[in-house]
Amino acid sequence: MNAATPNQQWHTIVTTVENKPGVLARVSGLFSRRNYNIHSLAVAPTDDERFSRITFTVDVEGTPLDQVVKQLNKLINVVDIQELTPADSVERELMLISVRLGDHRQELMEIVDDYQAYVLNEGDDRIMLSWSARPARLDELEERLRPFGIVELQRTGRVALPSLDN
Amino acid sequence: MTSKPTNGGEALVRSLELEGVDVMFGLPGGAILPVYDPIIDSSIRHVLVRHEQGAGHMAQGYAHATGRPGVAMVTSGPAATNIVTPLLDAYMDSVPMVCITGQVPYGAIGTDAFQEADTTGITMAATKHNYLVSEAQDIPRIIHEAFHIATTGRPGPVLVDIPKDIVDPTNARSAIDWYEATDADMDLPGYHPVKEGDPALIREAVELIRGAERPVLYVGGGILKARAAEALLAFAEMTQIPVVTTLMARGAFPDRHDLCLGMPGMHGNYTAVTAMQESDLLISLGARFDDRVTGKLDGFAPTAKIVHVDIDPAELGKVRQYNVGIQGDCKVVIEGMLEAMGELGGAEAQTDRMAWRSTVSGWQEKFPMTYEQSDPGDKLKPQFCIEQLRDNNPADTIVCSGVGQHQMYASQYWKFDHPYTWINSGGLGTMGFSIPAAIGAKAGMPDSRVWAIDGDGCFQMTAQELVTATVEDIPIKVALLNNSYLGMVRQWQEMFYDERFSEVHLSDRVPDFVKWSEAMGCEAIRVESPEEVAPAIERANEINDRSVVVEFVTDARENVFPMVAAGTTNSEVLVHPSQQDLMS
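Chains as they are written, first to last, in the numbering used here: chain F, 1 to 166; chain S, 167 to 750.
Just chain F, with the same shape it has in the complex (with noise of 0.2 Å):
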C-alpha cells in the first residue's frame, strides 16, 4: 500500500457537504472568523449529486482540531465529517508543471521516467509533465525540476481517504 510518510503537522479533514451556492463560503468564512489556518483545499461533487466533498488540511499545531470539527459541524449543510491522519489514509495531489528544456532535455526525460510523471505538452523550450502521488512526493518531483527553471506550477491541493486495510 501507498503508507503515508510520516508528516505529522497536517490533518487532513474530509468534509460531505450539501451540493449547494454558497456552501464553500460558509465552510471557508468559518475557518477565517475562528482564526483557523486553512493549508490546502480541494473541492468538487461526490457520487452523489446532491453532496460535494471539501477535502482540506489544516496545521494542527496552530488549529484547535478538535474545536474546528465541532463549528464545522454546526454548519446546516455540512453533513459529515471525517478527519484522517496521515497513517490511516491514503493522501493524492496533482501537480501540473512546465519546465525550462535549455539543453538538458536528456536529463529532463531521465527524471520524466524515474517518477513516471506524463508529459502533456512540449513547445520549443518548455515542456510541461503532469503528476499526481503523495503531496511529499512533489515536493520532492519540485525539488528536483527546479534547477532546470521552473516556468510555471500548480498544485491542486490534497484529496484523501481512508486507507482500506484500517
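Keep in mind that the hints were calculated from the coordinates and are not lab data.
No false leads were mixed into what you were given.
Sample of chain S residues at the chain F side, in silico, Cβ under 7 Å: (1) Met290; (2) Ala291; (3) His295; (4) Pro355; (5) Gly356; (6) Tyr357; (7) Pro479; (8) Ala480.
From the three backbone atoms N, C-alpha and C, an ideal C-beta is built for every residue, glycine too.
Using the hints provided, position chain S relative to the given structure of chain F.
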C-alpha cells in the same frame, strides 16, 4: 388569509401564520413590497417600526419574553444591513428569531441593482443559518425549515432572503402550487440536534457532584432556553448546592432563594465570584465560560473540576477543559441527574457541605452589595433608583436593559425571582437594545408590566422606537438613568487611564429628554432628588394608556462595584471602596 395562496408572497404570509406567528416587526420597502400586500389580509399583527434595527431588537425582546421565535421583516439593501446588529446579537445570545429580507429580482442579483446587498453573504457570520430563496415553490418548505432551525438545538436567528420576482403576483416566477409544509418536507441532511444526554456521562457527573465538597451550580442562559428553571430548582434544593446566575440567566433561579448567590463575573457580587473561584466542582448548565465570567482564564477557578452541560457540543471544552462534558438539553439532562441522584441514595448519600455553606454565607454577610447614599443636593445614585424601581414594582415585572453601567446596576440591584423577566444584550453588548426589546416584550406579553432601564447614551441610539410604541399602542415604561456620560467607558478611563476622559461626556444640556419623550407621545417625568423617586415611579405605574419616560438625573462619578479588572483573575476582585478594609 383564508383563500389558498397562489403566489410566493401569499405563500410566505400563510406560512408565517401556520408557524403560529401572531406579531411581527418590520418596515416595508421596494423589494419586499409584494409581501406587504397580503399582510393586509393576514391574522398576523404587523408592528411598523421607525428603523430596521428596532424591528430586530423587538423580535428579540418578544422571543426572550415569550419563548416563541421573534419575527422581523424588512426590505433589501440598507434595511438588511440595518438589521445585522440584532441578528448578531440574537446569535450571540442564542435567541430564536426568523428574519425575512427582501432582495432584488433573482435575475438582477450580482448586477449592483438599486438597494441590492449580498445579504446572505453579509449575515453568514451573524446567523445560525440563512437562505437565499430561488424559487417560489420552495417558500413554504424553507419557512418551515427556518422556524425549525431557529427554535431547536441551540436556538438562534435564521434569515430568509427573498427575491422580489418570486413574491410578485405580476411576475410568472411567483406562481406556486401551494402546499402546507410539514417536517416531512424538510431537507436538512446535516442538521440533527441532540436533546438527550448520555446516561453514562450523567451518572459520572452525579458521582462527581455527590463527592464534591465545595460545588457551585454555574447557570447560564441555556437554562432559560431549555425551559429548565423548575428542574434546576428541584436539583439545587435536593443537592443543596449554591447557584450563581450569569447575566443571561438572571431569574432562572430565584434571587430571594437561600441558595442563590446572584451574578458572577466582572461586575458580579463578591460571593458569587469567590464561590466559583474557591469551588472544587463547577456544574456548568447552559453557560459558556464567557470572558466576562472567567476573568483571566489561567487563574479562573483553579481548583475546580468541571461538569459542563450544553446543547451545543462546540461549547464543551471550547474555553475550559471539562472533566465530564454532556451534550444535551439542560432540562432533560437535569432531570436525568435528579433521577441518578435518587438511584445513588439521594441527598443523604452526599458529602457533608455544612462547612462550605457556612463559608459562603460568611462571604455574603461580610461583602453585601453596597453603595453610599447621596449627600443632600447631590445628584441621584443610580443604585438607589434601581432599588426604588424594584421595591415599587411587582416581582413579575419584565425588565429590559441597554448596555453599560445601568445594565450592571439593574442586574445587581433588581431581585429576579421569575424566569423570563430579565432581557438584555449579553454577548454582543449592543447599546440601544432596551427600548425596542421592551416594546417587543410588551407586544408578546401585553398583560405584563414592562420597564426598560436605559442610559442616556443608549437612549439616544434607539429612542425613536418610542414613536412606534405610541402609534402601535404598546405602552412601556422607561427608567432613563441620565448621567450625561458614556458611563462605563468613563469608569474605565477613570480607573485605568488616569482619569483622562476622552470622548465620554455627552452633554449636560441637550437633548431635553422630557421634551423629546413628550414629542414622541410619551408621558415624561424628570426626577432630581431622592424623595421624588418613588412618587415618580408610582405615577409612571398608574399610566397605562401610553409610554412613560422617567428621567433620573444621576451622579456621573458613581462606579460599578465589585469589579474584576480586565486581565486580572477573579481572586483580585475589587470590592466597593467602603469594603476594601475588609479584604484580608
